[in-house]
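These protein sequence lines map, in sequence, to chains R and H.
Take any residue in the first sequence, note its place counting from 1, add 244, and you have its number in our numbering.
Take any residue in the second sequence, note its place counting from 1, add 32, and you have its number in our numbering.
These aren't lab readings, by the way, just hints derived from the structure by calculation.
C-beta atoms are modelled at their ideal positions from N, C-alpha and C, and glycine is treated no differently.
Incorrect hints may have been included.
[To be verified] Listed next, with one range per pair, are the computed distances between beta-carbon atoms:
#1 A362/R - V49/H: 24 to 34 angstroms
#2 N336/R - L338/H: 11 to 21 angstroms
#3 S179/H - T381/R: 54 to 64 angstroms
#4 A362/R - L325/H: 31 to 41 angstroms
#5 V165/H - A362/R: 41 to 51 angstroms
[Claimed, not checked] Stretch by stretch, here's where chain H covers chain R in the computed footprint (C-beta under 8 angstroms, at least three residues):
#6 331-340
#7 346-353
#8 356-366
[As the list claims (entries may be wrong)] Sample of chain H residues with no beta-carbon within 10 angstroms of chain R, all distances over it, derived:
#9 W41
#10 W112
#11 V321
#12 D340
Here's the letter readout for the chains.
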Amino acid sequence: MKPLEIRDLSRNFGGVRAIADVSLSLEAGERRAIIGTNGAGKTTLFNVVNGQIAPSSGEIFLFGVNVTRTPLHRRAALGLARTFQITSLFRNLSVIENMIIAVQALTPAHFVFWRRLAQYREVLGRAETLLEKWRLTEFRHEIVRNLSYGTQRQLEIVMALAGEPKLLLLDEPMAGLSAAETHLATDIILNLERGITVLLIEHDLAAAFKIADKITAMDQGRIVAEGTPEDIRQESSLQKIYARGGMRP
Amino acid sequence: MGESRWGLWSAIAFVLVAAAIGGIVPSYDTGLLTQVLIYGIFAMSLDVLHGYTGMPSLGHAAYFGLAAYVTAICSMKFGWGFAAAGAAGIAASALAAALFHLLALRTTHSYYLMITLAFSQVLWSLAVSWTDVTGGDNGIPGVMRPSLGSWLPSVSSTIGYFYFVLVIFVVSAAMLYIFVTSPFGYALRGIRDNEMRMRALGYHVWAYKYFATIVSAAFAGVAGELFMYFNNFVSPSALSVTVSAQVLMMILVGAAGTLFGPVLGAGVFVVLQYVLSTYTDRWLFVIGVIYVLLALYAPQGALIYLRDQVKARQRRSAG
Chain R
245 MKPLEIRDLS
255 RNFGGVRAIA
265 DVSLSLEAGE
275 RRAIIGTNGA
285 GKTTLFNVVN
295 GQIAPSSGEI
305 FLFGVNVTRT
315 PLHRRAALGL
325 ARTFQITSLF
335 RNLSVIENMI
345 IAVQALTPAH
355 FVFWRRLAQY
365 REVLGRAETL
375 LEKWRLTEFR
385 HEIVRNLSYG
395 TQRQLEIVMA
405 LAGEPKLLLL
415 DEPMAGLSAA
425 ETHLATDIIL
435 NLERGITVLL
445 IEHDLAAAFK
455 IADKITAMDQ
465 GRIVAEGTPE
475 DIRQESSLQK
485 IYARGGMRP
Chain H
33 MGESRWGLWS
43 AIAFVLVAAA
53 IGGIVPSYDT
63 GLLTQVLIYG
73 IFAMSLDVLH
83 GYTGMPSLGH
93 AAYFGLAAYV
103 TAICSMKFGW
113 GFAAAGAAGI
123 AASALAAALF
133 HLLALRTTHS
143 YYLMITLAFS
153 QVLWSLAVSW
163 TDVTGGDNGI
173 PGVMRPSLGS
183 WLPSVSSTIG
193 YFYFVLVIFV
203 VSAAMLYIFV
213 TSPFGYALRG
223 IRDNEMRMRA
233 LGYHVWAYKY
243 FATIVSAAFA
253 GVAGELFMYF
263 NNFVSPSALS
273 VTVSAQVLMM
283 ILVGAAGTLF
293 GPVLGAGVFV
303 VLQYVLSTYT
313 DRWLFVIGVI
323 YVLLALYAPQ
333 GALIYLRDQV
343 KARQRRSAG
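Please construct the entire structure, taking both the sequences and the accompanying hints into account.
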């Protein structure tokens, strides 16, 4: 069963077609990168798949279930997780508290108000394990707003992994990172188990080519090319788009 | 989570000190302390919304006053017993919140502030104008404190009522403490900080907010009933915007987002009001100045300010 299938998806903002007739399908375990210049419709596509905004037309299937009209918290329950282009954390809480909130989200504990959280050893344990695995343990009691930008971006990804998603949407995970941090983030993504299907938007084309099995290029709301990293490198139409946007693949 | 332990110990110390002081001081001061505890419950209830969930309400007196009225009417007009009248009042507040928030949860931030203000003003004008039931501006006087049963001490005396309120305060504080440190409570903090991320993580944000408002309204109702029995009287002023603003100020003075900061704020407010009003009729002005100073120098509230001072001193003596 395909983790994600999108059929003829469009979304208009007033007269602007942010995405137009986009069809896309991902195989289980695939790593797919979406590339394109600013305004190509990449983040809008994510927001529609995620459920943050409704499509104007078209359909979305997650693991074979039609979720076109499903509210976003229920899409998460189906195994969808995402990160945000603009870091989206709980800024006034500590790192461990951020992780706990992410871990408990899809457990039966999440609506319990008559027992203290401290009694949920399995939630706390899993939060600690994730921090350790992704080398964030030293920051566990830091308040998130005091962390460096790179560490915040890292936490952004690890929090999305907390609910054991089967499909992960990463919105520019390397945005604003230093070369060393980009390297670390690339490693994190490359080391994800193959049970997780990954769809990522990436401006850092070197990183995108390194991570992805397949690449989809978007321009002005449409898909203009799709193929393996080698195919895309050869694609002459893309050279023009990126020359216009001031970037080269 | 070390912070909540700090809060817990200061709370236990507060209760023990309050219990001791309440027993030995003159009865007028015992009455003041009773008011601190009642406003403490009220402020904690609002803090569940304001401090933990990020929903600033300027109409929390609605639930405070509504429960007071319903309890007074049930016991005076229908002759209901203490337990039945008390439960009816709390249920009325919870139900009012449940109905009102079907609409109000469409708003956030300052719009939520406005709509809660409007709601409480509706109840206030109802209390003023529906004279057959509410007694209008005169309110409902002469509501006697109940007998709790022959095996329990009487609450008709000031000191007896003080200990009764203290027990309710401890039970309420313990329940709210568990509530805010539960998985549900952590979800509320997440909603306060970043609602969109919570939804993306799979939380049904609306349901959390909705339930939090009902819990908050129920405890505000508890405080309202205790206040009504304390005065043996309820009038429209219990529903007024002044009361809503005062309880909001108690939270901001004490420290929003901590459970016991608001209790400290309630203490500061009640005691200051008493002390200042013996010297000057302009006591509200002085409280205003103090509030401005706190907003400038301890914007996170007195409790956080004091804690940081203690921590800084510990660091200095350690290093």
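Outcome, coverage hint (the region 356-366 of chain R, chain H; C-beta under 8 angstroms; three residues)
holds (count 8)
Over 10 angstroms from every CB of chain R: does W41/H meet that, or does the non-interface label fail?
For W41/H, whose nearest Cβ neighbour in chain R is about 16 angstroms away, the distance exceeds 10 angstroms, so it holds.
Cβ distance range 24 to 34 angstroms for A362/R and V49/H, holds or violated
Holds - the Cβ-Cβ distance for A362/R and V49/H, about 27 angstroms, lies within 24 to 34 angstroms.
Verify that the Cβ of D340/H lies farther than 10 angstroms from every Cβ atom of chain R, and report whether the claim holds or is violated.
holds, 13 angstroms
Taking a Cβ-to-Cβ distance below 8 angstroms as contact, does the region 346-353 of chain R have at least three residues touching chain H?
holds (count 5)
Can you tell me if the region 331-340 of chain R counts as covered by chain H, using C-beta to C-beta distances under 8 angstroms and a minimum of three residues?
holds (count 6)
Quick check: does the Cβ-Cβ distance between S179/H and T381/R fall within 54 to 64 angstroms?
Given about 58 angstroms between the Cβ atoms, the range holds.
At 10 angstroms, judged by beta carbons, does W112/H keep clear of chain R as stated?
holds, 29 angstroms
Checking the smallest CB distance to chain R, is V321/H really beyond 10 angstroms?
holds, 29 angstroms
Look at the Cβ atoms of V165/H and A362/R and judge whether their distance stays inside 41 to 51 angstroms.
Cβ of V165/H to Cβ of A362/R: about 47 angstroms, so the range 41 to 51 angstroms holds.
If you check the beta carbons of N336/R and L338/H, does the distance land in 11 to 21 angstroms?
holds, 19 angstroms
Range hint 31 to 41 angstroms (beta carbons of A362/R and L325/H) holds or violated:
holds, 37 angstroms
Violated hints are absent here; each numbered hint is respected by the structure.
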